[in-house]
Structure formats: C-alpha cells, structure tokens
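Student: Please model the complete structure; the sequences and the hints are all you need to start from.
Residue numbers (the working numbering), protein chains in the order written: chain E, 82 to 285; chain P, 18 to 118.
Hint data in this document are derived by calculation from the structure and do not stem from the laboratory.
A portion of the hints provided could be inaccurate.
Claimed, not checked - Computed from the model, here is a short list of chain E residues facing chain P with C-beta under 10 Å: (1) F87; (2) L125; (3) L137; (4) V146; (5) A180; (6) R203; (7) L209; (8) S217; (9) T231.
Stated by the list, open to error - Output of the computed footprint for chain E on chain P, the stretches with three or more beta carbons under 8 Å from beta carbons of chain E: (10) 19-25; (11) 76-85.
Ideal Cβ placement from N, Cα and C applies to all residues, glycine included.
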Amino acid sequence: MIDVAFVVFAVAAVVSGYRVFATDSMVRASFLLLASFLNVGAILVLLLAEYLGIALLFMMTVEMVVMALFMVMFMMNPAGLNPMVMVHQPRLAAAAGVAATVGIGVVAVVAEFPDAPVETGRDTIAELGAELLGPSMLVFESAGVTLLATMVCAVILSSARGRYGDGYEGSLAPPLEPGGDHRPEDDLVDAEGGDEHAGQGGHG
Amino acid sequence: MTLVTVLLVAGALVGIGVWGALAQQSFVMLMMGIELMVNGAILAAAGFWAHAGDGGPKGQVLVIVAMAVMAVEMAIGFALVAAVYRARQADLTEDIGSLKG
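Tutor: Spelled out as structure tokens, the structure:
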C-alpha cells in the first residue's frame, strides 16, 4: 500500500516538475511546481517525517501563491497567447540535466548505504522538537536570524526609494583617486536621456 | 519504497531543475529550476534520514536547514529580480550580459 502510494506520488512529483518547464503559461508553471512540492511533501509523510512533510506543504502553498504573483508581473507569454521561445542553450541544458540525473542515479544504485531505517512507532515529531530546542538550538536560531537578515535585505534590494531619494540616487561611483572627480560614466544609471530604460526592455 | 528508489526520484528532480535553470531565459523561471533542485535535495535528505540515519532527529534538522535555504533563495531572488528590473528593465538573462550597473 505504501509502495503504491510512493510510486503515485513520485511519478506525480517528477511529471509535474517536468511540466513546469514544458508549459507556456508561467502561472501554470508555478502551480505545477507547487504540485511537485506537494507530492514530495506526501512522500516525506510516507517516510515517517510527518512534521517536515506537512511543514513543506504549508510553506510551499504560500510560497507558490507569491510566486504566481511574480509570474504575472514578469510573464513573457500570457496564457500561451504569444508563442515564443523562452529557452536558450537547450541542448547543453538538457545534457546537463541528464548528466545530473544519471550521476545521482548511478551513485544511488552503486553506493552502499547503511541500512538503519526508522522504527515504526517511534515519536519522531517529539524527538525533532526536543532536538530543535535542545542540542540543535544553534542551528535553529541561525536559521531564524538568517531569515530575519533575508527580510531586511529583500526590503532594501527591492525598495524604490533609498536614503537619498530615488533608489539609485546614492549609487554614485566613487572617484578613481581620493579627491578626484566623479566620473558620470561610472554611474549605475545613465544620467542623460531622461528615461534610460526606454526601448531596451520588452522581449524582442 | 527503498532508499534507492527515493534517491532516484530525488535525482530526477535535481536533473529537471538543472535543465530548467540552464535552459530558461526568464529570471523567475530560472529560480523555479533552483527551487526544484532544492526540492530534490530535501527528498534525498529525508530519504537518508528515514532509511540510513537510524532515525536520529539530526537528519530532520538538515531538512529544516534546506527549507530555510529555499525560503532565503526565493526572497533574495525576487528582490534581486525587482532591483535588476528597476535598474535595467531586464527580466531575461541575456539582458544583463555585462556586470556594469
């Protein structure tokens, strides 16, 4: 029974993972990625990592909904209405993907791993909680502080306004020698021409 | 459901992620490839914990670290996409071929 469920979830995870890059609509792609994550979460539950499986499920649902919003913002080909090529170096990429899969597969089949499965009936969730708030507290806290730093960085990076006004106002390149002249050509944003972005955006 | 089958599935997910991250032009799709790779890594780590780790809780802590990495990657990635788009109006990898700006 567990084996059947594993095969179903595994096939669904891999197929939906593949479909992410084979579909035209990027919104569909993000929900297919969500499907892949949900199936992996289900496999985690089958592997007796119930807490991690459920956590992955909740986390990925929220994350993929946010991702779908970004997909709408940066969509190249809405609903497949604008047929276009969204890939580059396809052969190299496919070869690298196959090489990665085959490499991991060979290691998985050839290598000998210790056979020490989790005993059923063991309260793995309670053990995980005691571990996180006990011996592995440093890991847990580091992850928390890293996420806090991430939030700060994300806000700073994506903010339209910086300390001196516009987000790129303060981004003046320093002079080459101390006290030298500021060289406008080093600036991050071209000064002349008003809207420096006109015409170079778009997708060809 | 053995460790080998779990690792094979994880390897397939990682391979698809490598393919997607290298082939896609859009930054957001590229990040989805990276997410898929981390997805495979999570599955492999959970498989090792369940089949070869004696059930000790430290294996699960590794999975939690991988999940935190995924959240960080996604948040910083989207912030970078927004910053690059604001500076260059670029949402394709080809658009930022030079490092200046």
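Student: Taking 10 Å as the limit, does the beta-carbon of S217(E) come near enough to a beta-carbon in chain P?
Tutor: Result: holds, 5 Å to nearest chain P Cβ.
Student: How does the coverage statement for the segment 76-85 of chain P fare against chain E, requiring three or more residues with Cβ below 8 Å from a Cβ of that chain?
Tutor: Contact hint for the segment 76-85 of chain P vs chain E: holds, 7 residues under 8 Å.
Student: Interface hint check: T231(E), Cβ to nearest Cβ on chain P, cutoff 10 Å. Holds or violated?
Tutor: Holds, because the Cβ-Cβ distance from T231(E) to chain P comes to roughly 5 Å (cut-off 10 Å).
Student: Would the hint on L209(E) stand, with a C-beta cut-off of 10 Å toward chain P?
Tutor: holds (5 Å)
Student: With 10 Å as the cut and Cβ atoms as the points, is R203(E) at the interface with chain P?
Tutor: For R203(E), the interface hint holds, since the closest Cβ of chain P sits about 6 Å away, which is under 10 Å.
Student: Under the criterion of a CB-CB separation shorter than 10 Å, is L137(E) in contact with chain P as hinted?
Tutor: Constraint on L137(E) satisfied, holds at 7 Å.
Student: Please verify that hint: A180(E), Cβ, nearest Cβ of chain P, below 10 Å or not.
Tutor: Hint on A180(E): holds, closest Cβ of chain P at ~8 Å, below 10 Å.
Student: Could you check if F87(E) really has its C-beta closer than 10 Å to a C-beta on chain P?
Tutor: Status holds, d = 4 Å.
Student: L125(E) was flagged as interface toward chain P. Is the shortest Cβ-Cβ separation under 10 Å?
Tutor: holds (5 Å)
Student: Counting residues of the segment 19-25 of chain P whose CB is closer than 8 Å to a CB in chain E, do you get three or more?
Tutor: Result for this restraint: holds, n = 6.
Student: Could you check if V146(E) really has its C-beta closer than 10 Å to a C-beta on chain P?
Tutor: violated (12 Å)
Hint 4 from the earlier list is the only one contradicted by this structure; the remaining hints agree with it.
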